[in-house]
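These protein sequence lines map, in sequence, to chains S and Z.
Residue numbers for the first sequence follow this note's numbering, so the first one is 1 and each next one is one higher.
Residue numbers for the second sequence follow this note's numbering, so the first one is 1001 and each next one is one higher.
Because the hints were derived from the structure by calculation, they are not lab data.
Don't take every hint at face value.
As the list claims (entries may be wrong) - Straight-line C-alpha distance at most 25 Å; calculated DSS-like pairs for lysine-lysine:
#: 1; chain 1: Z; residue 1: K1015; chain 2: S; residue 2: K38
#: 2; chain 1: Z; residue 1: K1087; chain 2: S; residue 2: K11
#: 3; chain 1: S; residue 1: K103; chain 2: S; residue 2: K129
#: 4; chain 1: Z; residue 1: K1051; chain 2: S; residue 2: K69
#: 5; chain 1: S; residue 1: K19; chain 2: S; residue 2: K69
#: 6; chain 1: Z; residue 1: K1051; chain 2: Z; residue 2: K1062
#: 7; chain 1: S; residue 1: K11; chain 2: S; residue 2: K38
#: 8; chain 1: Z; residue 1: K1190; chain 2: Z; residue 2: K1087
#: 9; chain 1: S; residue 1: K39; chain 2: Z; residue 2: K1087
#: 10; chain 1: Z; residue 1: K1147; chain 2: Z; residue 2: K1015
#: 11; chain 1: Z; residue 1: K1147; chain 2: Z; residue 2: K1062
#: 12; chain 1: S; residue 1: K39; chain 2: S; residue 2: K129
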Amino acid sequence: MATRAARTADKELNRLHTKILGDLARQPTNRLCADCHKKDPRWASWNLGIFICIRCSGIHRSLGTHISKVKSIDLDCWTPEQVESMQRWGNERANIYWEANLKEAQRPTDYGLDNWIRSKYERRAFAMKGPTPEPETL
Amino acid sequence: MYTLFSGLYAHMTQKEEYNVIILGLDNAGKTTLLEQVKQVYLGVRALPPEKITPTVGMNIGKVVVNRSRINLWDLGGQDALRTLWDKYYDECHGIVFVIDSMDHMRLEQCRETFEQIVMNDSAEGVPVLMLANKQDAEGAMRVEEIKEVFNRIALQLGARDSRVLPISALHGEGVQDAVEWLVLRMQRNKEDRPPVFRQA
Chain S
1 MATRAARTAD
11 KELNRLHTKI
21 LGDLARQPTN
31 RLCADCHKKD
41 PRWASWNLGI
51 FICIRCSGIH
61 RSLGTHISKV
71 KSIDLDCWTP
81 EQVESMQRWG
91 NERANIYWEA
101 NLKEAQRPTD
111 YGLDNWIRSK
121 YERRAFAMKG
131 PTPEPETL
Chain Z
1001 MYTLFSGLYA
1011 HMTQKEEYNV
1021 IILGLDNAGK
1031 TTLLEQVKQV
1041 YLGVRALPPE
1051 KITPTVGMNI
1061 GKVVVNRSRI
1071 NLWDLGGQDA
1081 LRTLWDKYYD
1091 ECHGIVFVID
1101 SMDHMRLEQC
1111 RETFEQIVMN
1121 DSAEGVPVLM
1131 LANKQDAEGA
1141 MRVEEIKEVF
1151 NRIALQLGAR
1161 DSRVLPISAL
1171 HGEGVQDAVE
1181 WLVLRMQRNK
1191 EDRPPVFRQA
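Work the whole structure out from these sequences, hints included.
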């Protein structure tokens, strides 16, 4: 991990990352929160490669960083690897994998959202069988 | 005569008020800690962790410990929000720095962030308490390991009070000890950083 000094010194890189993330977040498939479908998410889970809303980001943080690593699009400095993960996945590909076996009746309700997110990522209740594939193959 | 008695009454009933800022990297558990402190000292139910969203801005808690009023300011930990921290140093009497013991990857970044706080002139002499949080989680670094990393900054801390304590903000273990330690240090440090006196 680069030092803070090195990261902030690289303003050019940060600007580039902000632009890439901004463009990614504006893509139609990323315009809705990957979990609750709320409009215009400004947070992300970089290891899962998804854009989420602030409420869902709170639930993701409570899962633990071994499952989801949350960052803000606007308030955090990103590393090239983290940005790359967002480029490779995105909400559409991520949900092809994580919601492969989700039935329409199983969509989350506002009330049970935290349990639903826990089922989705911790218990992998709706995910494809087998190991996590390369996102490009989805 | 009235002035004498009313003055005496005011003196007897006044309370010392101390300001504490809670700092640390994002997702360290600052808001969860504040919620737990409120649960211990105010008896209100702490917000469950899944209801706690990243703090953008700050959260405030007011509690009474050892007859002193303590104002806790829990500031957001995201990169861009950390630049706002130094606006609070002048007015604070104590600093709590929360460390995520599960985050092995960012321990170094955590140390650098802490170093910047203690090197700031406006925070000079303020007692600092480092809390190794998430001690309940499997795979958490032990306090000794964390101390080793932070001991390298010990020289910059000089004569000021500092300590690393293990806690679990989620379950509340160690939270009361931590608060009491800090309150005692702030009370001892009141020559250097006088509290605000307020009527009860």
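Results for each hint:
1. Z/K1015 with S/K38: violated, 47 Å
2. Z/K1087 with S/K11: holds, 23 Å
3. S/K103 with S/K129: holds, 15 Å
4. Z/K1051 with S/K69: Roughly 17 Å between the alpha carbons, so the hint for Z/K1051 and S/K69 holds.
5. S/K19 with S/K69: holds, 21 Å
6. Z/K1051 with Z/K1062: Distance ~21 Å between Z/K1051 and Z/K1062 Cα, so the pair holds.
7. S/K11 with S/K38: violated, 31 Å
8. Z/K1190 with Z/K1087: holds, 21 Å
9. S/K39 with Z/K1087: violated, 33 Å
10. Z/K1147 with Z/K1015: Violated. Z/K1147 to Z/K1015 sits at ~35 Å, over the 25 Å cutoff.
11. Z/K1147 with Z/K1062: violated, 29 Å
12. S/K39 with S/K129: violated, 30 Å
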